[in-house]
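Colleague: Going line by line, the protein sequences match chains R and Y. Residue numbers for the first sequence follow the numbering used here, so the first one is 21 and each next one is one higher. Residue numbers for the second sequence follow the numbering used here, so the first one is 323 and each next one is one higher.
None of these hints come from the bench; they were simulated from the model. Just to be clear, a hint being listed does not mean it is correct.
[To be verified] In the EDC-like style, the derived pairs of lysine to aspartate or glutamate whose C-alpha atoms are separated by at most 16 angstroms in a straight line are: (1) Lys178(R) to Glu236(R); (2) Lys386(Y) to Glu35(R); (3) Lys140(R) to Asp154(R); (4) Lys386(Y) to Glu39(R); (5) Lys38(R) to Glu236(R); (6) Lys38(R) to Glu52(R).
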Amino acid sequence: MHRTGELYGQFETLEQQKESAALGMWVFLSTEVLFFGGLFMTYTLNRHYYGTAFGVGSNTLDLKLGGLNTVILILSSLTMAMSVWASHVGKRRQTTSFLVATLVLGTAFLGVKVIEYKQKFDHHLVPGYHFQIDYRAQHPAPNDDPKEIEAEKEELSKAFAKDPDLNAHAQLYFSLYFGMTGLHALHMIVGAGMLVWLIRQSMLGRFTPTYNTPVEMIGLYWHFVDIVWIYLFPLLYLIDRHR
Amino acid sequence: MSEHIVSPKVYIGIFLSLMVLTAATVAAAYVNLGPFNIVIALAIASVKATLVVLYFMHARYSPKRTHMVIIAAVFWLAIMLALTLSDYVTRDRDMAANTQITTMLRT
């Protein structure tokens, strides 16, 4: 048996039934706000104490890739919203296509994230025994721009003068970078799994103008994950860009 | 059904606004405004988040019950941030004062 949008006994009207689903989803999302909130709190405190190290860490991130990912994710929110619209007006094929587009964009986001993580491993910027904030400045790759490396060396020497424990404090930045983007990516993976299910259901023609609650609810989740990134992007990528 | 269907035009308009605001936040980060850099970054992010909540997530067309949950979520987050920060940002000064007192007592 699958649900087709019939009225359940505990509700008076279909509208009330739908609003209850949305209310439940919002309550879940408010717990998610506090779940991520703990990390944002930790971030705020550490940035307050170790601003120099956070600025240095932020400048090692690839702004082009981060910006690209922001565009990809907001675009995926648009396609998700469009799929909710298509299901409301009964355009089944478009509902499916927009869901597939959302899944493709979400996967592209995760792919870019993999490239970014790989760079951090290559540059010894993963917290732990081998962490070395000036590794890239000391061991430039043959295709690195010498001017960029010089600028980085200068920035690092200034930062070390301000904060002798820069290497330790930069690890705090990168712990939070991996923790926050990792938890965000985990939410994306869960969202992608739900999208696969939605696409299957949509292809079977389960969603009609009277029954599209799953599309709307997973849509709410997807937009929430987008909002988390809207805050993560400036907080992680855009500290002290004006050096 | 009194359900509100948001038209694709609205969605595309919101998407374009979000793109413009993303460009603005990157541009603002390259200007040295001292402590105001973070204020501007958070203000732009909050405008973007509000647009997503109101239109993509249909909060604008949702019943008051839903509004209450959204406001509660923001309020709880504000409690956590405000109370924790009111401890930490006043602690440095206390610690400095304590060290001074200890030094005074020693001499």
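Colleague: Hint by hint, say whether it matches the structure.
Modeller: A quick look at each hint next to the structure:
1. Note on Lys178(R) and Glu236(R): the hinted pairing is violated, with a Cα-Cα distance of about 51 angstroms set against a maximum of 16 angstroms.
2. A hinted pair counts as satisfied when its Cα atoms are at most 16 angstroms apart, and Lys386(Y) with Glu35(R) qualifies at roughly 15 angstroms.
3. The straight-line distance between the Cα atoms of Lys140(R) and Asp154(R) is roughly 12 angstroms, inside the 16 angstroms bound, and the hint therefore holds.
4. Proposed proximity of Lys386(Y) and Glu39(R) is supported: the alpha carbons are some 11 angstroms apart, at most 16 angstroms.
5. Between Lys38(R) and Glu236(R) the CA atoms are separated by roughly 10 angstroms; this keeps the pair inside 16 angstroms, and the hint holds.
6. Between Lys38(R) and Glu52(R) the CA atoms are separated by roughly 21 angstroms; this puts the pair beyond 16 angstroms, and the hint is violated.
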